[in-house]
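Those protein sequence lines, which keep their order, are chains A and B.
Mapping of the first sequence onto the working numbering: residues 617 to 908, in sequence order.
Mapping of the second sequence onto the working numbering: residues -10 to 235, in sequence order.
Don't read these hints as lab results, they were simulated from the structure.
Just so it is clear, the structure is predicted and the values come from calculations on it, not from any experiment.
There could be a bad hint or two in this list.
Said to hold, decoys possible - In silico SDA-like cross-links for lysine to any residue, where the CA-CA straight-line distance does not exceed 25 Å:
#1 B:Lys41 x A:Ser708
#2 B:Lys172 x B:Leu48
#3 B:Lys41 x A:Arg793
Stated by the list, open to error - Restraint ranges, calculated between C-beta atoms of paired labels, are given here:
#4 A:Ile722 x B:Trp2: 31 to 37 Å
#5 A:Ser877 x B:Gly128: 52 to 58 Å
#6 A:Leu880 x B:Glu106: 56 to 62 Å
#7 A:Ala771 x B:Ser96: 29 to 35 Å
#8 A:Thr780 x B:Asn110: 53 to 59 Å
By construction, the Cβ of each residue, glycine as well, lies at the ideal position given by its N, Cα and C atoms.
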Amino acid sequence: MDLSSQLLQLLFSGLTLGSIYSLIALALVTTFNITGVLNLAQGEFVALGALLAASLYTAGLPLAAAFLVSVALIAALGALVERAAIYPARESSALTLIIITVGLSISLRGLALLLWGTDPVSLPAFSSGGPLLVGGASVNLQTLWILGMAAVTMAVLNIFFELTYTGKAVRACVINRTAALLVGINPGAMSLMAFAGSGAIGAAAGIFITPVTLATYDMGFMLGVKGFVAAAIGGMHNIRGAVLGGFILGILEVYSAGLVSSGLKDAVALVVLLAMLMLRPEGLLAASGRKV
Amino acid sequence: MLEIKGLEVCHGWVQALRGLSLQVSEGETLAVLGSNGAGKSTLLGALAGLYKIKKGDILLDGRSLSGKSPHYMVKEGISLVPERREIFNSLTVMDNLLLGAYHRYRSKKNEVIIDVENILNLFPALRGRENHPAGTLSGGLQQMLAIGRGLMARPKLLLLDEPSVGLAPLVVREIMSTLAELKKTGVTIILVEQNTAAALKVADRALVMERGSIVLSGCSREMMGDTRVQQAYLGRTRVVRPAAAL
Ligand SMILES: Nc1ncnc2c1ncn2[C@@H]1O[C@H](COP(=O)(O)OP(=O)(O)OP(=O)(O)O)[C@@H](O)[C@H]1O
Ligand SMILES: [Mg+2]
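Pulled out of the complex, with its shape left as it was, chain B reads as follows (with noise of 0.2 Å):
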């Protein structure tokens, strides 16, 4: 459903993307890894309509959506789930969710009262924190609500980028089982982890970037054993960034 044809983006002087090119089917789940400014986070900003595009293309069902801005991209169903999350802090958890899906608010709210019953039965933690300011909230159901509000969008392309971050083992469980939950319903989901172990078990492929540019792809059993991405990605000598100390 999606295609991506050799596509690079700078940021000013830095090509963070390379010619880069990828394919992804409907209802699958793609774990993407990669270093500290391999170009993760710069591909789903791509996806999402964040960057300008310098070359290269994207299609989405047959459709080339290069160059549309991000509310164009949410229309056509890409939805990104940002790092750091990027919520509302001082409006409510249910503003959020509810501007999650603002393409369609206008005009469908009866359905998007009912979204919002599921994105809370999805996220069982953030029933009865409605009414609540989203920056109250723990980093975990910051995440949960992040990924609420990416869903309200009703997208049919999920884009997240670290999820895990920041949080504890358990949260990160909880939020992995529900996106494997998720993918029963047939989106389509980019994972980004830095949390190679838990997106591998997720994800049905995965692929390793490196400077902009993918090393290495395969299927996720494949990916686990690995030599390389185990000495890279799942062994002692994992490299912790500062942020997963917060």
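Chain A extracted, bound-state conformation (with noise of 0.2 Å):
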């Protein structure tokens, strides 16, 4: 493979990766913004719809009915969670609701080893067909899936808040949690619908990666990680920096693996947490007036 075809089969592994993170990322700024809580729990939202839907697979379900039930199922969770743990506490001081979402992780992860104990698990791929040769570089059709539905999902979420009055109402409190208190939005109604869409967003991106990465126990520490520095790539307050901030991070993490050194692919994401706290704190689009 020569070197042109080679970097183009990186840019698709990149954007891969990259929209994994993109969506983590749009789910943890969203809550964050709404709730004042860093949700550390959200790779585990990741990691449980994986594993629900492969089992769900193995039990006889079509492979769409297990997506469905998994993402209803782990929406459903994440409103509990919400219901159970944040929002009794939700007065607290943001230390002690962080701290409750690192044991909301602990405990989370400790119920997927107990249930799926630790081998990985797997699921088919989408389609059935060898990969497609793209410009010298081959993709595999599980890498176009996994594209697609994060292209639909940001699609729908950017129809959501863009036209529609609800999703306005989660911009609004996003932009200004003060004024949007004022204006009589019910944050704990808000923060409720945060959590299970985190949840639902989180399940979707598991179970779409499964078939390429295989899904364990602990698989989401290391996304909520990642999803965690795209976010602050892209400033925390912003939703389409988070976005951005997936891609980046992806395509950087993958061109450092593939082009350098493989053992470097999960020190760049904190090489470029340290980069941006530092040079960038607010954020790569925060000059652009908070846009959200």
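Need the complex rebuilt from these two chains, each delivered in its own frame; the hints are there to steer you.
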């Protein structure tokens, strides 16, 4: 393979990985701005969604049904977690709330370990057929499914945020929490919606990557960290920034792993995080006036 | 219509309101004056449900509202136009106004659309800018939008926190004359202001706060003639706060 097709190949991988980070970051940022909670258990939604779908599929459900049921159940789990652990503590300090989500993350991971054990589980690729050749790069069909799912999810969310009244109310919470309170938006209802939505998005992302990466009980931790780094790149207050941050991180990781050393993959995220915090703590898109 | 009894509010260790009591009657406009840190914003914030009340009670038309959350207060008819406006910068002017009617948008959409039209009549300068992002408006227009958004809740009691701060005299006059117009609709208004002269002109009654309590009160005319008020807030000694220079 020559260099240009190798670069293209890596670009596809980077976009795929990036789209997953984007979705996780988007869920993190939306939840953070509505509730003030940095949900460190977000990655667990991804893992549980994937594991649950794999079990449902093994139990005989068609793949599409396993997907839908798992997404719905993890959304319900998100809502349950919010009511049981976050809502009662909503008046507490940001630190307390973060510690609660760390606790949630550990408990959910423990639960997954108990139910699924340490062995990876798998799902079949969503469509059969060999890889496509695009400009010298071979593109796995599942990659296209992942990119497509991310694109559809983002498009639907975009319509929700731009065109619906409820979506605008959510954005209002993200832009200015105090003002959202003052116009009478009930933060409890928004918080519930944010956690349920985060659960659904996380589960969907987990299920789509499982045919490529397999699913393990502890896959959520690293994905959560990466989602957080992506959100930090975008600036924590900015939904578009979070999406952009996810793609930037995915592409950086894949290029440094592919061109320099595969050992670098996870280190890149931490280097990027440190660099962002030192050079531009307000995030890449912050200068453009907190566009959401 | 509003009665506040022995209200105490703390921000952490700082006690911002120290047993404050006052009454406001239906349709009245009350100006609240006082220097920086006197507790004026805390008073309005407490009325809007933003702060936990340590002691005392808030009664609106005889019902206790102490300890209720902001969205409950809005439904009960109390609307706060906060300090620094706090508009939704990246949403359009129209969306800002529509969100102001959050508690009745879904049930009474037609009524809300008509109200938007009324707000645009009240602030004609906003007309034609309905689809602009609110953050791109000038300070004066943002203030008008903030007031308009507050009115979209159809409040019985409108709370205004320093609407004139940082604005050019001409704009201040425009906003104050709109408030005078609003008064005629019968809405009760509490107006916190550093611009004492302008506030006393629209208000029926005024009070001065200092360190969390009321130290002086009376009808606007008396207050304008009061030497203590003149010295502290109307004379040459008036302290211009940095925010006013923005
Ligand atoms: N969020 C807060 N946290 C801690 N202390 C606060 C907070 N808000 C206000 N305070 C303190 O409470 C006191 C009253 O503040 P408040 O904002 O009500 O005054 P104000 O009369 O509105 O002043 P200004 O004219 O500057 O707006 C001040 O001592 C202030 O420092
Ligand atoms: Mg104030």
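Comparing the hints with the structure gives:
1. Restraint check: the Cα-Cα separation between Lys41 (chain B) and Ser708 (chain A) comes to about 13 Å, which is no more than 25 Å; the hinted pair holds.
2. Restraint check: the Cα-Cα separation between Lys172 (chain B) and Leu48 (chain B) comes to about 22 Å, which is no more than 25 Å; the hinted pair holds.
3. The hinted pair formed by Lys41 (chain B) and Arg793 (chain A) meets the criterion: a straight-line CA distance of about 17 Å does not exceed 25 Å.
4. Take Ile722 (chain A) and Trp2 (chain B): their Cβ atoms lie about 34 Å apart, and the range 31 to 37 Å holds.
5. Ser877 (chain A) and Gly128 (chain B) have their C-beta atoms about 54 Å apart, which keeps the hinted 52 to 58 Å range intact.
6. Evaluation of the 56 to 62 Å hint for Leu880 (chain A) and Glu106 (chain B) yields a pass: the beta carbon distance comes to about 60 Å.
7. As the Cβ distance of Ala771 (chain A) to Ser96 (chain B) is approximately 30 Å, the hint placing it in 29 to 35 Å holds.
8. Restraint check, Thr780 (chain A) to Asn110 (chain B): a C-beta distance of roughly 28 Å breaks the suggested window 53 to 59 Å.
Violated hints amount to a single one, hint 8; each of the other numbered hints is respected by the structure.
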